[in-house]
Amino acid sequence: MSANIRFKSPVLVLAAVVFAIGCKDRGGDGGGDGRHSKNHGPRGGDGEILVGEYGSMTGSTATFGVETHNGIQIAVDETNEAGGVKGRKLRLISLDDQGKSDEAVTTVTRLIDLDHVVAVLGEVASSRSKVGARVCQRKRVPMVTPSSTNPEVTKVGDYIFRVCFIDPFQGLVMAKFARTNLGLTKVAILRDVRNDYSVGLADAFKEAFGRLGGTVVSDLSYNEGDTDFSAQLTTIKTAGPQAIFVPGYYTEVGNIAVQSKRLGLDVPLLGGDGWDSPQLVEIGGEALNGSYFSNHYSAERATPTAQRFIDEYRRRYHETPSGLAALGYDAAKILFDAMGRATTIDGPTIRDALASTRGFDGVTGNITIDAGRNAVKPAVVLKIEGGKYEYVATIEP
Amino acid sequence: MSVFFQQLLNGLSLGSIYALIALGYTMVYGVLKLINFAHSDVFMVGAFVGLYVAAAFGASGAGAAPLSVPAAVAVLCAAMAACALLGMSIERFAYRPVRTAPKLTPLITAIGMSLLLENLGQLVFGAEPERFPQILREVPYHLGGVVVTNIKIAIFATTLVLMWGLHRFVTRTWTGKAMRALSLNLDAARLMGIQTDRVIAITFGVGSALAAAGGILFGLDQTTVTPLMGILNGLKAFVAAVLGGIGNIPGAVVGGLAIGVSEQLVAGYVSTDYRDAITFGILIVMLLVRPQGLLGAIRSEKV
Numbered sequence: 037m038s039a040n041i042r043f044k045s046p047v048l049v050l051a052a053v054v055f056a057i058g059c060k061d062r063g064g065d066g067g068g069d070g071r072h073s074k075n076h077g078p079r080g081g082d083g084e085i086l087v088g089e090y091g092s093m094t095g096s097t098a099t100f101g102v103e104t105h106n107g108i109q110i111a112v113d114e115t116n117e118a119g120g121v122k123g124r125k126l127r128l129i130s131l132d133d134q135g136k137s138d139e140a141v142t143t144v145t146r147l148i149d150l151d152h153v154v155a156v157l158g159e160v161a162s163s164r165s166k167v168g169a170r171v172c173q174r175k176r177v178p179m180v181t182p183s184s185t186n187p188e189v190t191k192v193g194d195y196i197f198r199v200c201f202i203d204p205f206q207g208l209v210m211a212k213f214a215r216t217n218l219g220l221t222k223v224a225i226l227r228d229v230r231n232d233y234s235v236g237l238a239d240a241f242k243e244a245f246g247r248l249g250g251t252v253v254s255d256l257s258y259n260e261g262d263t264d265f266s267a268q269l270t271t272i273k274t275a276g277p278q279a280i281f282v283p284g285y286y287t288e289v290g291n292i293a294v295q296s297k298r299l300g301l302d303v304p305l306l307g308g309d310g311w312d313s314p315q316l317v318e319i320g321g322e323a324l325n326g327s328y329f330s331n332h333y334s335a336e337r338a339t340p341t342a343q344r345f346i347d348e349y350r351r352r353y354h355e356t357p358s359g360l361a362a363l364g365y366d367a368a369k370i371l372f373d374a375m376g377r378a379t380t381i382d383g384p385t386i387r388d389a390l391a392s393t394r395g396f397d398g399v400t401g402n403i404t405i406d407a408g409r410n411a412v413k414p415a416v417v418l419k420i421e422g423g424k425y426e427y428v429a430t431i432e433p
Numbered sequence: 012m013s014v015f016f017q018q019l020l021n022g023l024s025l026g027s028i029y030a031l032i033a034l035g036y037t038m039v040y041g042v043l044k045l046i047n048f049a050h051s052d053v054f055m056v057g058a059f060v061g062l063y064v065a066a067a068f069g070a071s072g073a074g075a076a077p078l079s080v081p082a083a084v085a086v087l088c089a090a091m092a093a094c095a096l097l098g099m100s101i102e103r104f105a106y107r108p109v110r111t112a113p114k115l116t117p118l119i120t121a122i123g124m125s126l127l128l129e130n131l132g133q134l135v136f137g138a139e140p141e142r143f144p145q146i147l148r149e150v151p152y153h154l155g156g157v158v159v160t161n162i163k164i165a166i167f168a169t170t171l172v173l174m175w176g177l178h179r180f181v182t183r184t185w186t187g188k189a190m191r192a193l194s195l196n197l198d199a200a201r202l203m204g205i206q207t208d209r210v211i212a213i214t215f216g217v218g219s220a221l222a223a224a225g226g227i228l229f230g231l232d233q234t235t236v237t238p239l240m241g242i243l244n245g246l247k248a249f250v251a252a253v254l255g256g257i258g259n260i261p262g263a264v265v266g267g268l269a270i271g272v273s274e275q276l277v278a279g280y281v282s283t284d285y286r287d288a289i290t291f292g293i294l295i296v297m298l299l300v301r302p303q304g305l306l307g308a309i310r311s312e313k314v
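Protein chains in written order, with the working numbering: chain A, 37 to 433; chain B, 12 to 314.
Certain hints may be false.
The following label-pair restraints were derived from C-beta to C-beta distances [said to hold, decoys possible]:
(1) A:GLU421 x B:LEU131: 32 to 40 Å
(2) A:GLU421 x B:GLU149: 30 to 38 Å
(3) B:LEU96 x A:THR216: 56 to 64 Å
(4) B:VAL296 x A:GLU188: 17 to 25 Å
(5) B:VAL135 x A:GLU348: 32 to 40 Å
(6) B:PRO77 x A:ARG350: 49 to 57 Å
(7) A:GLY249 x B:GLY176: 53 to 61 Å
(8) B:ALA76 x A:GLU243: 54 to 62 Å
(9) B:ALA66 x A:GLU243: 44 to 52 Å
Here chain B is said to cover these stretches of chain A; the calculated rule only asks that three of the stretch's residues, wherever they fall, bring their Cβ under 8 Å from a Cβ of chain B [what the hints assert, rightly or not]:
(10) 136-149
(11) 232-239
(12) 296-306
(13) 309-320
Negatives, chain A to chain B, calculated, CB over 10 Å [what the hints assert, rightly or not]:
(14) GLY83
(15) ILE85
(16) GLY95
Keep in mind the hints are simulated off the structure, nothing from the lab.
By construction, the Cβ of each residue, glycine as well, lies at the ideal position given by its N, Cα and C atoms.
Make a model of the complete structure from these sequences and hints.
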């Protein structure tokens, strides 16, 4: 037995050395998905500025990561075509975190320590942004999240920014819309109790809707992954609401729509940007007709800046960009704008430039970064009709 | 009161699906004393086979036109046949080689088989949830304050027909008799000239076909199917089998209906947060108080 170990250990040491060399070698090229250039060397080519991105390119929220990446890539290419930042070209290094929080920590650490990026873009999911943000804050590298709406994310530290609105605002928007635009007085809530995002929206909605003179007649919950909602919907039906606020993700929302119609509960559903996926109408179909949700932008109400982005996105990917793609683009553009204004390209100066962003003309509206490093901007409300989204209203902060 | 009946009705329909899955667990346990963990994934495969066969008939996605009743029955039969084959192959290639090994080996093999099917499912069907097509046109009937759809009626009808068929099969046919003989004593059955391998294969085939039917009914009732849907539903069906007395066929039915109704009432009157906790709480209490299950008889272990 002991002879065996003695025999094996030199082999193990050798293996470890080979592995370490292998890792070091791969460090320079950014690894991962092969989308970036093949240029080796940790600092990039001649005066290139390296920008990192982490996102869920695979896994159960793969559409989130891929669409965001598409938006960011357009921003990088556009900026490079226009001469780059301070005459230097940008190079994007994208890593896949597979939609896992522990992988998010690894990828961000790698972007900063091995690839030496000057700033980081990502993630969509608040839980993964939060852990990535801790790494960026510790290493004093600015991070801009395109679409994490949980308030806690930017509270991690002064190097963390976002270009989207936050959860309480979305809840407020839908409460205002339900009470003022639709004139509703009785609304039920069905929240995903294990999801911070959903709970945040539901609490904000409940508070605001009550303040505006409405009544929340029933407040029930479900768990992500549930497929049977008939018990909650039966209870909600007896409360006689005029609409149900369901601030969850698209899979369950589609299901809830179908099952509520089946129980004869024929009222519109209201929700937030977690609905924004082509899967929503694929699952919910006709049952979603007449439902409303808040989102970051509407392709129908495009400013010239937004129209240019939408045209380019359609040319490249043959589909209309989602809100997530638009936010990816805006996050990258705001970062590059700040880099252009910063006197030098390093963490603290870029951070200061980001913090002083005012009235930036983005695809998702006019963006100003406030003292809490959150974006102040309006939200749009979209209506679902026949599988399409129709613009209904813009709600100002 | 109408709310209570609505919840009860929904619970019974959910319970019917649990019962169909539970039958497969209980039959295999009865014959081999093996908990076939891969059974819950056969249920998932059944739902997906149904989804693809329905698509071949021209019904896919949310906006699909419903199929005719014979076509819907054909979808059900195709899924049941495919899963019967799958169940028999699992038995032939994964369990038979380790049948004489210590008890832990087949159990670990079953867990491995389950993981294999789940991951293959994600690879082949994709990890995203898919909308199960409406193979029946939905017609709601209002009875007092209770809404009954023809889909619920179809669920009850299919379950009843299948259970009646199973009952006849087990009590009236030669193979059914052989199956019961095996569950009493496998070696004695073999000495009596029963081809035990064949009977075991048939047991797996029948159990898997019932799970496939459960998968189709689940898809019809709950709208979406995913490659991981077997995990939680399979566990609950397993609890149902234990509750009724594992190895006991009527017990599986009673257990399934009881779990379905209890879940629905807890979710409707207490909170969804406690629904799964109470289901698994029932399992623990049952194992402590009456390990043989509601309908199980105490059988002395041979040493």
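Now for the hints, and whether the structure bears them out:
Taking 32 to 40 Å as the suggested C-beta distance range, the pair GLU421 (chain A) and LEU131 (chain B) conforms, at roughly 39 Å. One distance hint, 30 to 38 Å for the beta-carbon pair GLU421 (chain A) and GLU149 (chain B), is violated here, with the actual separation near 21 Å. A C-beta distance of roughly 59 Å is found between LEU96 (chain B) and THR216 (chain A), which places it inside the suggested range of 56 to 64 Å. For the pair VAL296 (chain B) and GLU188 (chain A), the beta carbons lie near 39 Å from each other, so the given range of 17 to 25 Å is not met.
A C-beta distance of roughly 35 Å is found between VAL135 (chain B) and GLU348 (chain A), which places it inside the suggested range of 32 to 40 Å. Checked against the hint of 49 to 57 Å, the C-beta distance between PRO77 (chain B) and ARG350 (chain A) comes to roughly 35 Å, which is inconsistent with it. Between GLY249 (chain A) and GLY176 (chain B), the C-beta spacing of about 59 Å keeps the proposed range 53 to 61 Å intact. Here the CB-CB span from ALA76 (chain B) to GLU243 (chain A) is close to 45 Å, at odds with the stated 54 to 62 Å.
Between ALA66 (chain B) and GLU243 (chain A) the Cβ separation comes to about 45 Å, which falls inside the hinted range of 44 to 52 Å. Counting residues of the segment 136-149 of chain A whose CB falls under 8 Å from any CB of chain B gives 0; the rule of at least 3 is not met. Here's how the segment 232-239 of chain A fares: 0 of its residues keep a CB closer than 8 Å to some CB of chain B, so the rule of at least three is not met and the hint is violated. As drawn, the segment 296-306 of chain A meets chain B at 3 residues by the rule of a beta-carbon pair under 8 Å; at three or more, the given contact holds.
Coverage of the segment 309-320 of chain A by chain B holds [criterion: at least 3 residues with CB-CB distance below 8 Å; count 5]. At the 10 Å boundary, the C-beta of GLY83 (chain A) stays outside the reach of chain B, the nearest C-beta of that chain being 42 Å off. The claim that ILE85 (chain A) is not at the interface with chain B holds, since no C-beta of that chain comes within 10 Å of its own (minimum 36 Å). At the 10 Å boundary, the C-beta of GLY95 (chain A) falls inside the reach of chain B, the nearest C-beta of that chain being 7 Å off.
Comparing the model with each earlier hint shows violations of hints 2, 4, 6, 8, 10, 11 and 16; every other hint is respected.
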